[in-house]
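Visitor: Here is what each chain is made of, one letter per residue.
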Amino acid sequence: MNTHNSTTPRPPTGPHPRPQPIFELAHAGVTFTSRKGKDVIAVEDMNLTVNSEEIVSLVGPSGCGKSTVLRVLAGLQPLTSGDVWIGGGTRKPGFAEVAIVFQKPTLLPWLTVRQNIFYPVRALRRRPDRTLNERCDELLDIVGLSEMADRMPHELSGGMQQRASIARSLILDPKILLMDEPFGALDALTREDLQLDLLDLHARTRKTILLVTHSINEAVLLSDRVAVMSARPGRLQNLIEIDIPRPRGPDCIADPDFQKYAAHIRTDIFGPRYRKEAHA
Amino acid sequence: MSSPTPFPPVLRRILLPLGTFCAFLLIWQWASNAFDVPVYLLPSPIDIWIGGVKLGPVLWTHTLETLRTILIGFACACAVGIPLGVLVAVNRTVSEAVYPLIVFLNAIPIIAIAPILVVIFGTDMTTRLIIVTLTCFFPIMVATASGIMETPAEMLDLSKVAGASRLTEIFSVRLPYAIPFIFSGLRIGVTVAVIGAVVAEFVNADKGLGYLVTSATAQFAIPTATACVVVLALLSVALYEAVNWTHKLFFNWSVRHDDKP
Ligand SMILES: Nc1ncnc2c1ncn2[C@@H]1O[C@H](COP(=O)(O)OP(=O)(O)OP(=O)(O)O)[C@@H](O)[C@H]1O
Ligand SMILES: [Mg+2]
Numbered sequence: 001m002n003t004h005n006s007t008t009p010r011p012p013t014g015p016h017p018r019p020q021p022i023f024e025l026a027h028a029g030v031t032f033t034s035r036k037g038k039d040v041i042a043v044e045d046m047n048l049t050v051n052s053e054e055i056v057s058l059v060g061p062s063g064c065g066k067s068t069v070l071r072v073l074a075g076l077q078p079l080t081s082g083d084v085w086i087g088g089g090t091r092k093p094g095f096a097e098v099a100i101v102f103q104k105p106t107l108l109p110w111l112t113v114r115q116n117i118f119y120p121v122r123a124l125r126r127r128p129d130r131t132l133n134e135r136c137d138e139l140l141d142i143v144g145l146s147e148m149a150d151r152m153p154h155e156l157s158g159g160m161q162q163r164a165s166i167a168r169s170l171i172l173d174p175k176i177l178l179m180d181e182p183f184g185a186l187d188a189l190t191r192e193d194l195q196l197d198l199l200d201l202h203a204r205t206r207k208t209i210l211l212v213t214h215s216i217n218e219a220v221l222l223s224d225r226v227a228v229m230s231a232r233p234g235r236l237q238n239l240i241e242i243d244i245p246r247p248r249g250p251d252c253i254a255d256p257d258f259q260k261y262a263a264h265i266r267t268d269i270f271g272p273r274y275r276k277e278a279h280a
Numbered sequence: 001m002s003s004p005t006p007f008p009p010v011l012r013r014i015l016l017p018l019g020t021f022c023a024f025l026l027i028w029q030w031a032s033n034a035f036d037v038p039v040y041l042l043p044s045p046i047d048i049w050i051g052g053v054k055l056g057p058v059l060w061t062h063t064l065e066t067l068r069t070i071l072i073g074f075a076c077a078c079a080v081g082i083p084l085g086v087l088v089a090v091n092r093t094v095s096e097a098v099y100p101l102i103v104f105l106n107a108i109p110i111i112a113i114a115p116i117l118v119v120i121f122g123t124d125m126t127t128r129l130i131i132v133t134l135t136c137f138f139p140i141m142v143a144t145a146s147g148i149m150e151t152p153a154e155m156l157d158l159s160k161v162a163g164a165s166r167l168t169e170i171f172s173v174r175l176p177y178a179i180p181f182i183f184s185g186l187r188i189g190v191t192v193a194v195i196g197a198v199v200a201e202f203v204n205a206d207k208g209l210g211y212l213v214t215s216a217t218a219q220f221a222i223p224t225a226t227a228c229v230v231v232l233a234l235l236s237v238a239l240y241e242a243v244n245w246t247h248k249l250f251f252n253w254s255v256r257h258d259d260k261p
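These protein sequences, in sequence, are chains W and Z. Residues in the first sequence are numbered consecutively from 1, following UniProt numbering. Residues in the second sequence are numbered consecutively from 1, following UniProt numbering.
Hints are supplied without guarantee of correctness; some may be wrong.
[What the hints assert, rightly or not] Label pairs and their computed distance ranges (CB to CB):
#1 Z:Phe24 x W:Ser62: 55 to 61 Å
#2 Z:Val103 x W:Glu138: 36 to 42 Å
#3 W:His154 x Z:Thr217: 48 to 54 Å
#4 Z:Val10 x W:Arg246: 56 to 62 Å
#5 W:Asp137 x Z:Thr126: 52 to 58 Å
#6 Z:Arg166 x W:Ser146: 31 to 37 Å
None of these hints come from the bench; they were simulated from the model. Where a beta carbon is used, it is the ideal one built from N, C-alpha and C, also for glycine.
Given these sequences and hints, build the entire structure.
Guide: Here it is in structure tokens:
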């Protein structure tokens, strides 16, 4: 059934490694049935292939089904039509291959930061062994929370909490990181800071990241490709390759290419509405 | 904020209510003397004090007896109420099957059923424990169930993505989340347990403060009876504070926010 067999050895990481699909949505659809029996088509005929080590952003108007797509990939939401493939197998909830970062940090208030980071380990009733302890220390270091490891979540600022939740998502070394507006609830400065941290993290860990965002600049800055979704029904409208060389930094925004991409995405999202208004 | 505080806040929190209380006692004493209220109508604080002192150590043995009934009954109510609350909240079948019965049991006026229980179970400790448990398990169960059910969807998603089993989800997310809810149930439960114990001792006992109240009133020893009532009230406050204290001692993370002034 799997068209993308990943048994072939991974090519050496050169400047342009051969893209290797890590997950794929094929004609994926999700329909919610409300209590009154009225159906809401959240996602329809969605096709998206994301390659290993890639950062792909999902942008689109509110309610177009971005979160739903992420929840499908995280195993929180079954598809009502079509297929989803992850890492060569069909996604089953409850394994370490996929991790998700929510908009809210969702730290458990009764656990310390370190215990929160270990939550996915505990959820699988595994004991934190030495490798896991080392990884936890390393992650605390990456997200800059080494000093806060034994604090309670309420002692952390919003940005720190979100960093902790990113560390938590990485504790079991998932291949895929799903992020649903991870910086959406943060102030603009913290947000910029965390964006650069995420670029750094990606450079160090080479995770595949699918990121939902409402910020077009964020999408262009972080992504290899930006998937633009259209609303009602939610489906993939356009897929834009962002050809800005890595490593990227804050000065990228000044790049004329950057502005060109951002403008392109903006027309993709708002274009239909502008036309509608022109008719009215 | 800007109000002048002559005392440090901790002292203030103790002194202020204590002052009010003393003033209340003084006014009461003054009113009793001034209007010459007969002792059998309303004993003055000094009468009550004398009535209590007259009882001497007997008062304490009876208090301990009542305390024992309350604590064992309360413990039974926790042992039944908390697991049942969890079960009712996580399992729809259990909820639909059991809930109506529980609501029905709770609707029975405990004072009305107490004499019947005496006939069925006799006049020993068992009956008193059943009455105390029946009075206080309902708030404990309902509070537990609402905490379990109100666990935020994001936390449940988190445990689901992590691959937690249903049981792990309950123990690692839902139950800890329900802790502050459970404690508010326990706070209500423990005060209601005092009432339950007194009712139980009214209808069947040869020991306990409830018994002391009935036997003293039968002999028109109103100050003595009132002294017992005062001890009961103090007991109730002490138990309430003990629950609070346990909450703060073991689950401090969950008291922090509502502790702020
Ligand atoms: N559990 C649900 N039951 C019914 N309808 C739902 C449910 N979840 C989402 N929907 C509907 O599906 C559609 C897509 O929702 P989704 O949350 O995926 O949008 P989104 O793109 O993430 O929006 P936003 O950008 O505002 O977060 C919406 O119209 C929403 O009303
Ligand atoms: Mg969303």
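Visitor: All hints are to be evaluated individually against the structure, with a verdict given for each.
Guide: Here is how each hint holds up against the structure:
1. The hinted range of 55 to 61 Å is satisfied by Phe24 of chain Z and Ser62 of chain W, whose Cβ atoms lie roughly 59 Å apart.
2. Between Val103 of chain Z and Glu138 of chain W the C-beta distance comes to about 54 Å, which lies outside the given range of 36 to 42 Å.
3. Range check, His154 of chain W to Thr217 of chain Z: Cβ separation about 52 Å, and the 48 to 54 Å hint holds.
4. Distance hint check: the CB atoms of Val10 of chain Z and Arg246 of chain W are about 58 Å apart, consistent with the given range 56 to 62 Å.
5. In this structure the hint that Asp137 of chain W and Thr126 of chain Z lie 52 to 58 Å apart at CB holds, the actual value being about 57 Å.
6. With their beta carbons about 35 Å apart, Arg166 of chain Z and Ser146 of chain W fall inside the hinted range of 31 to 37 Å.
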